[in-house]
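Asker: Below, each chain spelled out in residue letters.
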Amino acid sequence: MNQYSVWKYLLILVVVTVGIIYALPNFYGEDPALQITSSRGFELPAELSTNIDDALLVEKISFLSSEQEGNRLLYRFNNAEDQILAADAVREALGDQYVVALNLAHATPDGLRSIGGKPMTLGLDLQGGVHFLMQVDMDTARSQQLDRYVDDIRSVLRDNGVRYVSVRHEGNGLLAMLRTAEDRDKTLNLLNTDQSLQGLNITELPAGDTFGISATVQERQLLELQQTALKQNITTLRNRVNELGVAEPVIQQQGADRVVVQLPGVQDTVAAKKIIGATATLEYRAVDESNDAFTASQSGRIPPESRLYTDDNGNPILLKKRLIVSGDQLIGASASFDQQTGQPSVSVTLDGVGSKRMLDFTRDNVGNRMAVVYIEQKPNGSKIEDVISVAVVREPFGKRFQTTGLSSIQEASQLSLLLRAGALAAPMEIIEERTVGPSLGADNVAKGFKAVVIGFVLVLVLMAVYYRVFGLVANLALFANLVLLMSLLSMLGATLTMPGIAGIVLTIGMAVDANVLIFERIREEIRNGNTPQASIRAGYEKAFSTIADANITTLIAAFVLFLFGTGPVKGFAVTLSLGIVTSMFTAIMGTRSVINLVYGGKKRVRKLAI
Amino acid sequence: MKFLNRKTNIDFMSRRKIALILSTVLIVISILSLATRGLNFGLDFTGGTLIEVGYPSPPNTAEVRENLANAGFDSVVQTFGAATDIVVRIPPSEIEESSAELSTRVLAALSAGVEGEIEMRRVEFVGPQVGEELAEQGILAVIYAMVGVFLYVMFRFQWRFSVGAVAALFHDITISMGIISLVQIEFDLTVVAAILAVVGYSLNDTIVLFDRIRENFPRYRKRQPVEVVNTSINETLSRTLMTSTTTLLVLIALFYFGGEIIHGFAFTLIVGVLVGTYSSIYVASSALLMLGVSKYDLMEVEKEGATLDARP
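These protein sequences, in sequence, are chains A and B. Going from the first sequence to this note's numbering is simple: count from 1 and add 254. Going from the second sequence to this note's numbering is simple: count from 1 and add 129.
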């Protein structure tokens, strides 16, 4: 009388089998591995793996296997020593163009991997690494955009032969002052029509001694520009992290103006922070040859078209305000030695717009000097502006050229790295940082595992003693629950954190609740004098709505937790909600099917072992 | 084995005046403690820098403190779990310094006069704006959870039950936080997670009892509401004890074996489970009776079994 139809048994069997298969990858451990990627994100050439194989052969380092997944090549080794030796050998063989990163590749067998099996990702608190939360300084980004508008308006006016008194940005708006009404009308016309000046709201100011135009940038345009700035920052960070050679980094936007950067397994955190946090860019500016920098700095009278800088030796130097080329027009940079002087230098490649502007400038200015300004944004909003080199333009050049004036080859290579990775479009500040050392991570895993096992065993013993056969069935369901939970977390690619483990432990405690509810109902029914079979049936039926209501309310709480939580709290919410869902399945359908198998077939059951 | 071998018939509700006094006293103490002692806010909320290091042999904390003071750090030094583990907390400073430089300098100061190598185990730096947001998010989460639960219970039961469930929730959260404040457990993100888990647990317990009350009103038409509630509590008592016991078992395992980092979490939940179990019986049910729940409130609800016959 208490029997499930065949399809229900089949369903349970299939679910549990699939669960076991997808939970399996978690038990295979990890191989020490090398991950090789192109430093510019290019595709890997086919002969690359042959080159690496040769290099390893020369050094007599054996490896387990090699495989290519998209744009990365993975080599697995027997132990960490081989891995480190191989890293040096491969780095030497491949040179600058490739990034060789130490990695732990999970040793999931091919069969499992081919059906998408993979182990749970461990959170930074469990495997060690760095977590940064970075805030983009939108105020500065906004003012930089206004500056750019000012530059563009000036050059449009100049190109069209309109003479202006001043163009500047004031507060959130732009202000252009002109001498004559005619100039003003021309300017108005240009502002309204020029392609590079879109998204402006233009108003005419009442005429006086001068004729003014004020303009504000449309809010929509500004927001769009800010979004672009954020996106570019993320790209830049990704490039930089790629240069660092971190395996499986996470770089994501969080909220409107924040970026999360997670670097698992990174141990030299100081170096990582230096590269990630740096907001360096270069600007190429013309030296103001018509004024004397010393007199300007002493008198304080600085020509309106120029700005005063200090060069490497502490001497004042006047540079034109008008930019020739800035860092975002730069597409390549590499450290090298200058062929003539032997000094460390950075070879720079510019994009189309940049090279045209550079060519225009250098053609008209052979014999004049050009300066390179290095700009670094500090977290507190201050700026370092160093004139790192001043050189005479000897011949016109455009796309490719060299920047010298660096003190060491290390400085050159760090600068080239920063330039290559691109400049940040808006300054960023680290507002949260969490670094977990690898040994602490391993400690956390060991302790979390121990707590789960002990808690689990205690519950198993109590259930078996208290509910006897039914308790053993519930224990079976609890196992199935743990397996299903693990496989779901693995399939979803969820990240397991310490609070996530706590969520699993709590789920174990609460998962038995459904069975407790059912079993207590069955006992009640028996006490009321019902037959064993009827009691089982009634017990499951009556307990169902209670279990559903109780679990749905808990799910609501878990869902809210997920919405509002960040990082670890979110992890906890995910495991808790998944645990509720899997425990409903195993504790109700799972146990019922086994109970039916044990008792359901028999015509007369005298007594239940409950 | 059975905790309760026969049908119990304890008159819980006759003691509800005493329980009301007890709850009131506990809530008053909690609020007083929260107001005067406050919470021992962790780094997640205060901002600042925390550095955990492992020494080769147990260091003298007074010496460590002095070394750091000499190096110009205004810091709090504590052992963390093992005697060889030290946690240094540095409040957010006015001087702008990147956390990278700060942790390097602290490590240098700590290494002074120590033989062997000091291992950097953990660095946490939280900017002040992040802490404020977290606090805001935590409070919002609790409020939204309460609203969500209120609506669901109103939909599935009736508004008196919603009030009872939310009253029990408020009771549990206040007392749990009060106790955290009394014993000055560090209030960090994991404790917030624990508080929200207490929300889940307390609800679970309350709903199970409410479900039985809903079922029993039509069944015992002749009885007074107090009797119906009493019977319902007795009928679910063995389940309540069993579930609390299993949950407490795993929490105790977590508390003793899960490591220092999870202590606050486990402690908060242990308190929450105890308070939550008590509140389902005395706060949620008393609130129902106080609001004058009667059989007429639940007459329109069908017997659940009727719709469930199609189910397994």
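Hint data in this document are derived by calculation from the structure and do not stem from the laboratory. Here a beta-carbon is modelled for each residue, glycine too, at the ideal position from N, C-alpha and C. Check each hint, because a few of them may be wrong.
Claimed, not checked - Every beta carbon over 10 Å from chain B, so not counted as near; a handful from chain A, in silico:
1. V504
2. E537
3. Q593
4. S667
5. S693
6. A705
7. L760
8. M764
9. S799
10. A804
11. N805
Said to hold, decoys possible - Across the chosen pairs, the derived CB separations fall in these ranges:
12. E502(A) - P221(B): 26 to 34 Å
13. T233(B) - R561(A): 49 to 57 Å
14. A237(B) - I663(A): 55 to 63 Å
15. K575(A) - P221(B): 49 to 57 Å
16. L730(A) - I268(B): 19 to 27 Å
Asker: Does each hint fit the structure? Answer for all of them.
Answerer: Outcome of the hint check:
1. Remark: the non-interface label on V504(A) is consistent with the geometry, its nearest Cβ contact in chain B lying 18 Å away (cut-off 10 Å).
2. No Cβ of chain B approaches the Cβ of E537(A) within 10 Å, the least distance being about 24 Å, so the stated non-interface status holds.
3. For Q593(A), the shortest C-beta to C-beta distance to chain B comes to about 37 Å, beyond the 10 Å cut-off, and the non-interface label holds.
4. For S667(A), the condition that its CB be more than 10 Å from all CB atoms of chain B holds, with the nearest at approximately 20 Å.
5. Once the 10 Å rule is applied to beta carbons, S693(A) is inconsistent with being away from chain B; the minimum gap is 7 Å.
6. For A705(A), the non-interface assignment is contradicted: its Cβ lies about 4 Å from the closest Cβ of chain B, within the 10 Å cut-off.
7. Non-interface call for L760(A) relative to chain B: violated, since the shortest CB-CB distance, roughly 6 Å, does not exceed 10 Å.
8. The non-interface label for M764(A) is inconsistent with chain B: the shortest C-beta to C-beta separation is roughly 6 Å, within 10 Å.
9. Non-interface status of S799(A) relative to chain B is broken: a Cβ of that chain comes within 10 Å, the nearest being about 4 Å off.
10. With 10 Å as the threshold on Cβ separation, the claim that A804(A) sits away from chain B is violated: the shortest Cβ distance comes to roughly 4 Å.
11. Here N805(A) does not stay apart from chain B, with its beta-carbon only about 8 Å from theirs, under the 10 Å limit.
12. Distance hint for E502(A) and P221(B): a CB-CB separation of about 32 Å, consistent with the stated range 26 to 34 Å.
13. For T233(B) and R561(A), the hinted distance range of 49 to 57 Å is not satisfied, since their beta carbons lie about 35 Å from each other.
14. The hinted window of 55 to 63 Å between A237(B) and I663(A) is violated, with their beta carbons roughly 27 Å apart.
15. Checking the proposed 49 to 57 Å range against K575(A) and P221(B) shows it is violated: the Cβ atoms sit about 38 Å from each other.
16. Distance hint for L730(A) and I268(B): a CB-CB separation of about 42 Å, inconsistent with the stated range 19 to 27 Å.
Hints 5, 6, 7, 8, 9, 10, 11, 13, 14, 15 and 16 from the list above are not met by this structure, while the remaining hints are.
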